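Chain B: place on chain A using the hints.
Chains as they are written, first to last, in the numbering used here: chain A, 1 to 455; chain B, 1 to 122.
Keep in mind the hints are simulated off the structure, nothing from the lab. Here the structure is a predicted model, which means the values were calculated and not measured. Using N, Cα and C, we set each Cβ at its ideal position, and we do this for glycine too. Any given hint could be a false lead.
Claimed, not checked - A few chain B positions that, by computed beta-carbon distances, are all more than 10 Å from chain A:
hint : residue
1    : G18
2    : E23
3    : L48
4    : I105
5    : A108
Unchecked claim - Per the computed footprint, the stretches of chain A lying under chain B, defined by three or more beta-carbons under 8 Å from a beta-carbon of chain B, are:
hint : segment
6    : 26–32
7    : 36–43
8    : 398–412
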Amino acid sequence: MTINRGTDLEAQIAEWRAHLHRRRVLDRTDAEELEDHLRSKIAELTEAGLHDDEAFLVALMRMGSLDELSREFSREHSERLWKQLTVTAGDDGSASVRSRTDLGVMIGCAVAAAVAIKVPALFGLDLEDDAFFYGRNLSLFALPPLAAYFAWRRRTPLSVVGLLALLFTLGAVAANAYPLAADDDTALLTALHLPIALWLVVGVAYMGGDWRSDRKRMDFIRFTGEWFIYLNLLAFGGGVLIGLTAGAFEAIGLNTQTLITQWLLPCGATAAVVVAAWLVEAKQSVIENMAPVLTRVFTPLFVATLLAFLGAAIWTNSWIDIKREPLIIFDFLLVVVLGLLLYTISARDPAARPGIFDRLQLTLVVSALLIDILVLLAITSRITEWGFSANKSAALGENLILLTNLAWSVWLILGLIRGSMPFARLERWQTNYIVVYAVWAWTVVFAFPPLFGFA
Amino acid sequence: MHITKDLVAASATPLVLGILAQEESYGYAILKQVSELSGGQLEWSEGLLYPLLHRLERLGDVESYWRSADGVRRRKYYRITKQGRAELAEQRRQWAAVVDALYGIWSATSAARTIPAPAWEG
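Isolated chain A, as found in the complex (with noise of 0.2 Å):
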């Protein structure tokens, strides 16, 4: 076969090409074959006769349009328009070299973290016996390994690198200098608060150390958003894999119980705290984002049980007999919609135009700051009847930490309706506002116990 081959022509071919790339029914190959079936109709035409230039065009006419052959293709290759996953395999070596590596530390971190939980049973201490002590430690076995996944992976720089391992540190005395008893409130709010404070620290390896960048810590929040929900769809699995493995043992007359609490278990879970992040690194620009979608899904469901509660409470004046649980429920209520905001703002467009999704979250948090307000009133008589433990300020100041946050969003989101506020200004509101939460994290981990008499 002769084709002329002219400059011209290869750089049309070329363009044409780079429009079949596009198309994501279409692999590589399929573009090949094309291609060459393109050329084959060239060089019939120019044989005939025909310049270079008109013969591309011919027979570019007589192919048709793209969007047809690709509706053709997509009835044949319909597993090519849902995403997939490859984590190893991939065409240009370097790339692929580069994700094995990646594989490879994050299954030593993964294996690091499955290891950590299970040096304290060399000095004697067992995870049934000793949960105190557990409970108190278990964010410090999971997490740095993840930290240290995240330091490779983003090249830290050394100095980043020892300002971590010394937050691991003070995180490692908090929870085990104070004389801390198993039944004492401030032991039950230091291993509730220290996952918290450690996970921050984590932030800042998943930032490489630039934590004073909005956006980076913008990504944060979404990467926790999608860490949560893979390390639920992981929990969910081992689930299985751990009743299975029950079943199938007990059904030849073998009693696994040792091997599920005391290996797999403890194990399996502080290692999935690293494939979770691996595996939201590796997906990220492959699989949309879950979080929003669920935000979207929630929101106005949230939305209308919100008013149906304000509604029945009014209705039935029962503010007076709140008890002492409510705080905690209503932190958590708070903590719930401050998620719903946090994750519908981290998949808007920054440019977009206010729209009906933006009302439905202002009636969200409107909603859940007025029956916030209601239970601190009923609540603050309580406190001045009994005065404050360490319990109840936690909870307080939670409490007073959210209220703030949404308060303020209400402004700025009203702001955003109206049209005098740029969105960046919510956004910008909520990354800042990540250090107070840091600041009371370590706060109630340093300063609670001594405070309240190691009590």
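Here is chain B on its own, set in the frame of chain A:
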């Protein structure tokens, strides 16, 4: 004359298998051969031919390999498999039954009316 879409689609598989049963070939040549065989009546689009070839490959009726076409670029060739030949034989039986039936009814009515009888000997 315009051949309807359904008929084109139904006859595509036996045509491709029949052409590949003669000798291995590639997309553009198959398209040309179909056009020639039908005297220009069957003009397949690329959107019909290539997905069909890929489907037949997936089903195992044909297999493909790449060969250098002119020393510079490579070209994807297709050849029929044993399973493809069996499929072709089956398709032939089905088409023969359909053609026989049509021919039967048309030769019975063509005596009464003057419909130009098509040539079926292909």
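Notebook entry, point to check: Are there three or more residues in the segment 26–32 of chain A whose C-beta lies within less than 8 Å of some C-beta in chain B?
Noted result: holds (count 3)
Next item on the list: Test the statement that I105/B is away from the interface with chain A: the closest C-beta pair must be farther apart than 10 Å.
Entry: 34 Å, holds
Next item on the list: With a C-beta cutoff of 8 Å, work out whether three or more residues of the segment 398–412 of chain A approach chain B closely enough for the coverage to hold.
Entry: violated (count 0)
Next item on the list: Verify that the Cβ of G18/B lies farther than 10 Å from every Cβ atom of chain A, and report whether the claim holds or is violated.
Entry: 21 Å, holds
Checklist line | Claimed coverage, the segment 36–43 of chain A by chain B - three or more beta carbons nearer than 8 Å | finding: Answer holds; 5 residues pass the 8 Å Cβ test.
Item checked: Given as non-interface: A108/B, partner chain A, CB spacing beyond 10 Å -> 39 Å, holds
Checklist line | Given as non-interface: E23/B, which should sit over 10 Å from chain A by C-beta | finding: Correct as stated: the minimum Cβ-Cβ distance to chain A is 17 Å, above 10 Å.
Notebook entry, point to check: Since L48/B was said not to touch the interface, does its Cβ keep a gap of more than 10 Å from each Cβ of chain A?
Noted result: Answer for L48/B: violated, closest chain A Cβ roughly 7 Å.
When each numbered hint is compared with the structure, violations occur for hints 3 and 8.
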